[in-house]
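Participant: Each chain, written out:
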Amino acid sequence: MNKEELKEHLATLLPSPTFEEGAEWLTITIDPAEWESTAKAIRKDFDYLFCVTAVDWRTHFTMVYHLTSTTHRHTLVVKAKLDHENPAIRTVSDIWRTAEFHEREAFDLFGVVFTDHPDLRRLFMTDEWNGWPLRKDYEDPVNMIKL
Amino acid sequence: MIEELSTTEQGDLVINVGPQHPSTHGVLHLVITLNGETIKKVEPHLGYIHRSIEKMCESLSYRQFIYVTSRMDYLSSHINNHGCALCVEKGLQIEVPPRAKVIRVLMDELTRLASHQLWWGAMAMDVGALTPFFHAFREREAINDIMEETCGARLTMNYMVPGGVMADIHPNFQRKVKEFLSFFHTKIDEYDELVTDNVIFKNRMAGVGHLSPEDAISYGCTGPTARGSGVSCDIRKLYPYEVYGDLQFEEISEKGGDCFARYLVRMQEMRQSIKIIEQLIDNIPGGEHLAKTKAVLKLPKGEFYSRVETARGEFGVYIISEGGTTPYRIKFRSPGFSNLSALDHMAKGHKIGDLVAIMGTLDLVIPDIDR
Numbered sequence: 000m001n002k003e004e005l006k007e008h009l010a011t012l013l014p015s016p017t018f019e020e021g022a023e024w025l026t027i028t029i030d031p032a033e034w035e036s037t038a039k040a041i042r043k044d045f046d047y048l049f050c051v052t053a054v055d056w057r058t059h060f061t062m063v064y065h066l067t068s069t070t071h072r073h074t075l076v077v078k079a080k081l082d083h084e085n086p087a088i089r090t091v092s093d094i095w096r097t098a099e100f101h102e103r104e105a106f107d108l109f110g111v112v113f114t115d116h117p118d119l120r121r122l123f124m125t126d127e128w129n130g131w132p133l134r135k136d137y138e139d140p141v142n143m144i145k146l
Numbered sequence: 000m001i002e003e004l005s006t007t008e009q010g011d012l013v014i015n016v017g018p019q020h021p022s023t024h025g026v027l028h029l030v031i032t033l034n035g036e037t038i039k040k041v042e043p044h045l046g047y048i049h050r051s052i053e054k055m056c057e058s059l060s061y062r063q064f065i066y067v068t069s070r071m072d073y074l075s076s077h078i079n080n081h082g083c084a085l086c087v088e089k090g091l092q093i094e095v096p097p098r099a100k101v102i103r104v105l106m107d108e109l110t111r112l113a114s115h116q117l118w119w120g121a122m123a124m125d126v127g128a129l130t131p132f133f134h135a136f137r138e139r140e141a142i143n144d145i146m147e148e149t150c151g152a153r154l155t156m157n158y159m160v161p162g163g164v165m166a167d168i169h170p171n172f173q174r175k176v177k178e179f180l181s182f183f184h185t186k187i188d189e190y191d192e193l194v195t196d197n198v199i200f201k202n203r204m205a206g207v208g209h210l211s212p213e214d215a216i217s218y219g220c221t222g223p224t225a226r227g228s229g230v231s232c233d234i235r236k237l238y239p240y241e242v243y244g245d246l247q248f249e250e251i252s253e254k255g256g257d258c259f260a261r262y263l264v265r266m267q268e269m270r271q272s273i274k275i276i277e278q279l280i281d282n283i284p285g286g287e288h289l290a291k292t293k294a295v296l297k298l299p300k301g302e303f304y305s306r307v308e309t310a311r312g313e314f315g316v317y318i319i320s321e322g323g324t325t326p327y328r329i330k331f332r333s334p335g336f337s338n339l340s341a342l343d344h345m346a347k348g349h350k351i352g353d354l355v356a357i358m359g360t361l362d363l364v365i366p367d368i369d370r
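Top to bottom, those sequences are chains A and B.
Residue 118 in numbering that gives the first Met the number 0 is what sits at position 119 of the first sequence, and the numbering runs on without skipping anything.
Residue 354 in numbering that gives the first Met the number 0 is what sits at position 355 of the second sequence, and the numbering runs on without skipping anything.
FYI, nobody ran anything at the bench for these hints, they're computed from the structure.
Quantities reported herein were computed from a predicted structural model and do not represent experimental measurements.
Cβ coordinates follow ideal geometry from the N, Cα and C atoms, glycine included.
Among the clues, some could well be false.
Said to hold, decoys possible - Subject to a maximum C-alpha distance of 20 Å in a straight line, what follows is the list of computed PhoX-like cross-link-like pairs (lysine-lysine): (1) B:Lys254 x A:Lys145; (2) A:Lys80 x B:Lys39; (3) A:Lys39 x A:Lys78; (4) A:Lys145 x A:Lys78; (5) B:Lys300 x A:Lys78; (6) B:Lys274 x B:Lys201; (7) A:Lys43 x A:Lys80; (8) A:Lys135 x B:Lys300; (9) A:Lys2 x A:Lys78; (10) B:Lys347 x B:Lys39; (11) B:Lys300 x B:Lys201; (12) A:Lys135 x B:Lys175; (13) A:Lys43 x A:Lys78; (14) A:Lys80 x A:Lys145; (15) B:Lys40 x B:Lys300.
To be verified - Computed list of chain B residues with no C-beta within reach of chain A, every gap over 10 Å: (16) Pro18; (17) Ser51; (18) Arg153; (19) Ser217; (20) Gly301; (21) Glu302; (22) Tyr327.
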C-alpha cells in the first residue's frame, strides 16, 4: 500500500487520525489517552512493533512507535505528546509483547511512566539510581564528561 | 558462578546465572526460578555493560559517532557502521560511489561469515562439544587478517563513514578473499559433518525452545531467530540497500521454530554469504571510494531512520536532528535486545540444561543489548 491508500485505510480504522506531513513514513499523532484504543484498532494491520523511542523536547516528551505489517510491508509511525512534569501513557506490552522491554528502557532512561505495565522497573540502571539519564537536563558530575 | 539465592513460598528455587558465566558470553545476569530442574521463569537483568551510547552520541558529530557504534555489536561492527552511515547519507542526500557500495556489501558479508563462525563454535561449546570452537576460530582468523589489512582493525572497524568507506581496499584484498573462499568451501562441509549430523547434538537441539511465528513477530524477533520460525524478515531482501537488490541470494527460512531450525538457518546463511561475495569479488567497480562531502556535516532539521541486517537481525538507526552538527536524539534499535525479550517465553517449561542451548541459538552479544 502506498501512503495515500494507507491514509484511507487508517481513516476506516480510527475515528479522526491526525497525519503529520513530510516524513519518510506515514506518521500519525495521537492523544495519549487514545493510545490503547488506537493500538487495538491497528494491531491487526501492524503486527510488528520494531522501535519504541522517547524524546525529551524540554517542554514535553514525545513517544515514537515504529510499526510495520509483516504481510503488507507498510510502515506507520505513531507519535504521542506527553506532559513534561508527569509523563505517562498506557502500556502496549499486552498488545505487542516486545513493548514490555522497550517501555522499561524508556522508563529507565526518561522516567516515562507506562500505566498498567506488568513489571515497570529500571532495566539498565541500578534500582537505587537517581534521575533519568537521557533527559536533557540530567546532570551527573561523576559519570558525565562535558565536551 | 551459579549460586543459590533463595527459595519462594512454593518451594521453587531461585538462582542467579551470571553476570559472569561462560554460557552467557558476556555480562548477562539471569535470575531463574526453578521447580526441580524445570524452568518456571527467566528474568534478565541488564546494564552491566551499559555505557549510554545514545547519550554519548548527542555530543558527538556525525563523523565521530560512528566509532561508538562499533562497540555495540562488536561482531557486526561493519554492519553497525553501515547503518549509521546510511542514515547520515539519507539526511544529507549523499550519493555513495558505486565502488564504495560494493566494498561495503563485501565487508558486510565477510562480517556475517565471521560472526556466524564464532557463533557456531560457541554454540557447539555451550552444548558440550569443545572441538568446533577451535575449527571456527581457525577459519575466522583468515577473515580477521583480511579486515586488518584493509581497515587497520580486527574487531572495531570504523571503516564505513558517511559518503563511502574510509580508505580504499588493500591491493591483496581480492586475492586473499578468493583464497579464503576456496578454502572455506570445504570447511563449511566439514562443519556440517562434525556437528549438524551428530545425533547427540540433534537431540540437544530439536524440539527445544520453540517459538511460533506469531510470537516471534510479537516479541520483535528478527534475524535468524525469527527466520527459524518461518518469519520472513531479511532487510537485505525486503528493503534492499546498496547493491543487495541486484544480487542473487536466497532468504533462508526454516519452519521448525526450535533451536535446531535456528541453527540450520545460520549454517545456510553462511553459504548464502559466500554466494554474495563470489558475485562481487571480481566485479568491484573502479573510481572513488569516498564521495566528496563538506568538512562539517549538518543534518537538516527532521528525522531519519535507516535499517540494515546484521548477523543478529534488524539494526535500526533513528536520528532526530535540529539542524546542528550533533544529533538531538539518536536511538539504536538493536536486534539482540528484542530477541532476548523472548527468552523467558522460549525457556519456560524446559530443563535448566536446555537454557544454555536456547541462549546459544539466540546468538546474544551483550554490549549490543545494553548499548
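Participant: Work down the list of hints and note, for each, if the structure agrees.
Facilitator: Hint check:
1. B:Lys254 x A:Lys145: violated (51 Å)
2. A:Lys80 x B:Lys39: violated (38 Å)
3. A:Lys39 x A:Lys78: With a Cα-Cα distance of about 15 Å, the restraint between Lys39 of chain A and Lys78 of chain A holds, given a limit of 20 Å.
4. A:Lys145 x A:Lys78: Not OK: Lys145 of chain A and Lys78 of chain A at ~31 Å, beyond 20 Å, violated.
5. B:Lys300 x A:Lys78: Within the cut-off at roughly 17 Å; holds.
6. B:Lys274 x B:Lys201: It is violated: about 27 Å lies between the C-alpha atoms, which goes past 20 Å.
7. A:Lys43 x A:Lys80: Answer violated: Lys43 of chain A to Lys80 of chain A is near 24 Å, above 20 Å.
8. A:Lys135 x B:Lys300: Holds, at about 18 Å.
9. A:Lys2 x A:Lys78: Since the Cα atoms of Lys2 of chain A and Lys78 of chain A sit roughly 17 Å apart, the hinted pair holds (cutoff 20 Å).
10. B:Lys347 x B:Lys39: holds (5 Å)
11. B:Lys300 x B:Lys201: violated (53 Å)
12. A:Lys135 x B:Lys175: violated (48 Å)
13. A:Lys43 x A:Lys78: Roughly 19 Å separates the two Cα atoms, so the pair holds.
14. A:Lys80 x A:Lys145: violated (29 Å)
15. B:Lys40 x B:Lys300: violated (45 Å)
16. Pro18: It holds; Pro18 of chain B is separated from chain A by about 13 Å at its closest Cβ, greater than 10 Å.
17. Ser51: violated (6 Å)
18. Arg153: holds (27 Å)
19. Ser217: violated (4 Å)
20. Gly301: Gly301 of chain B not clear of chain A: closest Cβ-Cβ about 7 Å, inside 10 Å.
21. Glu302: Glu302 of chain B not clear of chain A: closest Cβ-Cβ about 7 Å, inside 10 Å.
22. Tyr327: It is violated; Tyr327 of chain B is separated from chain A by about 8 Å at its closest Cβ, not greater than 10 Å.
The structure shown violates the earlier hints numbered 1, 2, 4, 6, 7, 11, 12, 14, 15, 17, 19, 20, 21, 22.
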